[in-house]
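S.K.: Here is how the chains run, residue by residue.
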Amino acid sequence: MTSGSGGWRVLAVDDVAPAVGELRRLLLEAPEVGSVVTATDTVTALKLIQAGPLDVVFLDISMPGMDGMELASLLARMTDPPVVVFVTAFEEHAATAYGIGAADYLLKPVRPERLRAALDRVQRFLAPPTGAPEPAAVDALAAVPVELAGRTRFVRRDDVRYVEAHGDYVRLHTPSGAHLVRIPISRLETHWSHASFVRVHRSFLLAVPAVRELRSDLTGGLLAHTDVGDVPVSRRHARELRERLLDAATRGVFDGGSR
Amino acid sequence: MGVLAIGRRIVGELRAGLDGPGAQSAVRRLHGLLGADAVGLVDLRGDGVWAGRVPEPFAAREVVAAVLRTDARATGPGLTGLPVHARDELVGALVIAGDGLDRAALLEAAAWVGEALERARLEASAEVAEQAELRALRAEISPHFVYNSLTAIASFVETDPERARELLLDFAEYTRHSLARGGDYTTVAGEFAAIEAYLALARAVLGDRLKVQLRIAPEILPVALPYLALQPLVENAVRHGVELTADGGLVQVHGEAAGSEAILTVEDDGPGMDPEHAADVLAGRGNPHSVGLLNVDRRLRTVFGPGYGLVIETAVGAGTKVVLRVPRFQPGVVA
Chain P
1 MTSGSGGWRV
11 LAVDDVAPAV
21 GELRRLLLEA
31 PEVGSVVTAT
41 DTVTALKLIQ
51 AGPLDVVFLD
61 ISMPGMDGME
71 LASLLARMTD
81 PPVVVFVTAF
91 EEHAATAYGI
101 GAADYLLKPV
111 RPERLRAALD
121 RVQRFLAPPT
131 GAPEPAAVDA
141 LAAVPVELAG
151 RTRFVRRDDV
161 RYVEAHGDYV
171 RLHTPSGAHL
181 VRIPISRLET
191 HWSHASFVRV
201 HRSFLLAVPA
211 VRELRSDLTG
221 GLLAHTDVGD
231 VPVSRRHARE
241 LRERLLDAAT
251 RGVFDGGSR
Chain Z
1 MGVLAIGRRI
11 VGELRAGLDG
21 PGAQSAVRRL
31 HGLLGADAVG
41 LVDLRGDGVW
51 AGRVPEPFAA
61 REVVAAVLRT
71 DARATGPGLT
81 GLPVHARDEL
91 VGALVIAGDG
101 LDRAALLEAA
111 AWVGEALERA
121 RLEASAEVAE
131 QAELRALRAE
141 ISPHFVYNSL
151 TAIASFVETD
161 PERARELLLD
171 FAEYTRHSLA
181 RGGDYTTVAG
191 EFAAIEAYLA
201 LARAVLGDRL
211 KVQLRIAPEI
221 LPVALPYLAL
231 QPLVENAVRH
241 GVELTADGGL
251 VQVHGEAAGS
261 EAILTVEDDG
271 PGMDPEHAAD
281 VLAGRGNPHS
291 VGLLNVDRRL
301 RTVFGPGYGL
311 VIETAVGAGT
321 KVVLRVPRFQ
331 PGVVA
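Keeping their order, the protein sequence lines are chains P and Z.
With the first letter of the first sequence counted as 1, position 92 gets the number 92 in this note's numbering; the numbers rise by one all the way through.
With the first letter of the second sequence counted as 1, position 16 gets the number 16 in this note's numbering; the numbers rise by one all the way through.
Hints in this document: simulated from the structure, not taken from any laboratory.
We treat Cβ as the ideally placed atom computed from N, Cα and C, and that holds for glycine.
Misleading hints may appear alongside valid ones.
[Stated by the list, open to error] Partial selection, computed: residues in chain Z whose CB lies under 8 Å from chain P:
(1) Leu199
(2) Ala200
(3) Gln213
(4) Glu219
[Said to hold, decoys possible] The calculated SDA-like cross-link candidates involving lysine to any residue, where the alpha carbons are at most 20 Å apart (straight line), are:
(5) Lys108(P) with Glu243(P)
(6) Lys108(P) with Leu179(Z)
(7) Lys108(P) with Ala200(Z)
(8) Lys108(P) with Lys211(Z)
(9) Lys321(Z) with Gly248(Z)
(10) Lys321(Z) with Gly332(Z)
(11) Lys321(Z) with Glu164(P)
(12) Lys321(Z) with Arg298(Z)
(13) Lys211(Z) with Ala51(P)
(14) Lys108(P) with Lys321(Z)
(15) Lys211(Z) with Asp217(P)
(16) Lys108(P) with Arg176(Z)
(17) Lys108(P) with Ala94(P)
(18) Lys108(P) with Leu26(P)
(19) Lys211(Z) with Leu218(P)
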């Protein structure tokens, strides 16, 4: 792969000009994307693919002439093929798409948060795990020291239902009370994301298994209800939380759990 | 076997039409009943089934051709051909070989066959109509809601482009879900995503008049259910409980696990209705515009069994609560 420091070189192909324009706009908002070239037909797309190395290709499936699937099959035969993400209006092609090695499959119109998830998948395709354990493999912060009445105690991560940011501090909400700790919420997110914690709001990190109920208030805002309080869920995180909850529920996390 | 019993058999055997599997046997019974040398039943293409020995096949073909051409009785050497009518329409010919046969009995036999075929046709078209009805019910997207949503979105394009964009994505999600193919299953999570898209649009249209509370336990999110089992109930509650009232109303949607079942309820605090009217709706005798409930009820029973229909709790002035139960795990129902 050729992704250098200048960010990914991306090609977006769709015969509907406004669709490709919107996709380009959304892609350029992503920090890892360096440049985006577009094509509204497969011949132009093939020329662009031949002209320069590309890291990622976003492909519409249904196009006149050669369709996206055929183009992707051609790409798959290259020695160093770009990562392919399909973008289509219909769900029926999904199985075939994954069959030819696509990284992801987006439905039109594309939601920004869904595109974000697709770019994360692309990242994994571009930089497959090297096999060496990452530094985070050491379970840092499985317990967090807190000051309580002049003494240092430890709050177990598994007891934390949710984390609330207060400037440079966070408040860890547990059944035994809330504890103020000096650590940025983004750092806790990094360390705890593998342990079922998910960012649901600019200021809130939530333990997925702690959710008892998803609630919406009268104005349409979403709340995750836990036994120690309700956590606001922002609109752009709602989808991911729902997917994490669905995934956890499918694994039986909520059946007879202790939380 | 008595004549009546034989007649009943013949009617049954002709249920699938002249080219159905029972036609041969029906013709054999007619053959015995009429005491003829041979009996043939021929459709409009000239293809037929025969019983007995046809003395002159060539002459028989001539007679069939004459009957079908003229839509009237035709005769040949030792042969009588009669037109067969279903709903006053020529559908084939009955050909009888033999001498000295009772002419009235032959006419009666032709009429009998015609009526049997007519009934077969009616049954087939009733089945098609029922399927078409279920399909039509499924694809029910309210044009009213579509235009209101688009109008609301258009109004935000200038003043709040970000919201307009967001609402259009919701609109895409709403229509995608509503246009999903029949016979498919989704999850409670999928249905709730569609409900949220719908509610975002409804809020844009109705503003403060619409108040909604959703409460859903995460453990039922993976439960499989037919597409559009829950969302139409919410749409129904908004339409009847909120839109029709001047100062708006509250719609509550609640989902929780209860043993091996998931219980989902949709409740509004609108005008409610006479419980007898609610029973009529579920029995298909209600207002043709409120087919949403009926449709959901029918599909749930089809998928999960007769015990899993909708339960409507309502009274005039007391709002409406619709309760839906689905098994958390049902063999063969996979999203």
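S.K.: Against this structure, judge whether each hint is valid.
M.R.: Do the hints match the structure? See the list:
Using the Cβ-Cβ criterion of 8 Å, the hint placing Leu199(Z) at the interface with chain P is satisfied: the shortest such distance is roughly 7 Å. For Ala200(Z), the shortest C-beta to C-beta distance to chain P is roughly 7 Å, which falls under 8 Å, so the interface hint holds. Satisfaction of the interface hint for Gln213(Z) is found here, the shortest Cβ-Cβ separation to chain P being roughly 6 Å, below the 8 Å cut-off. Proximity of Glu219(Z) to chain P holds as hinted, the smallest CB-CB distance being about 4 Å (cut-off 8 Å).
A threshold of 20 Å between alpha carbons decides the hint, and for Lys108(P) with Glu243(P) the separation of about 19 Å falls inside it, so the pair holds. With a C-alpha separation of about 15 Å, the suggested pairing of Lys108(P) with Leu179(Z) holds against the 20 Å cut-off. Distance restraint check for Lys108(P) and Ala200(Z): the Cα-Cα separation of roughly 19 Å lies within the 20 Å cut-off, and the hinted pair is therefore satisfied. For a cut-off of 20 Å, the pair hint linking Lys108(P) to Lys211(Z) is broken: about 30 Å separates their Cα positions.
Between the alpha carbons of Lys321(Z) and Gly248(Z) the distance comes to roughly 17 Å, so the proposed pair stays at or under 20 Å and holds. Taken as a hint, the Lys321(Z) and Gly332(Z) pair is broken in the structure, with Cα atoms around 29 Å apart against an allowance of 20 Å. Taking the CA atoms of Lys321(Z) and Glu164(P), the gap is about 37 Å. The hint is violated against a cut of 20 Å. Taken as a hint, the Lys321(Z) and Arg298(Z) pair is honoured in the structure, with Cα atoms around 18 Å apart against an allowance of 20 Å.
Annotation: proposed proximity of Lys211(Z) to Ala51(P) is violated, straight-line Cα distance about 56 Å (limit 20 Å). Of the pairs offered as hints, the one joining Lys108(P) and Lys321(Z) is violated, with about 36 Å between alpha carbons and a cut-off of 20 Å exceeded. Annotation: proposed proximity of Lys211(Z) to Asp217(P) holds, straight-line Cα distance about 9 Å (limit 20 Å). Our distance criterion of 20 Å between C-alpha atoms is met by Lys108(P) and Arg176(Z), whose separation comes to about 10 Å.
For the given pair, Lys108(P) sits about 13 Å from Ala94(P) by alpha-carbon distance, which is consistent with the 20 Å threshold. Annotation: proposed proximity of Lys108(P) to Leu26(P) holds, straight-line Cα distance about 13 Å (limit 20 Å). Among the hinted pairs, Lys211(Z) with Leu218(P) is consistent with the structure: their alpha-carbon atoms are about 5 Å apart, no more than 20 Å.
When the structure is compared with the earlier hints, violations turn up for hints 8, 10, 11, 13, 14 and for no others.
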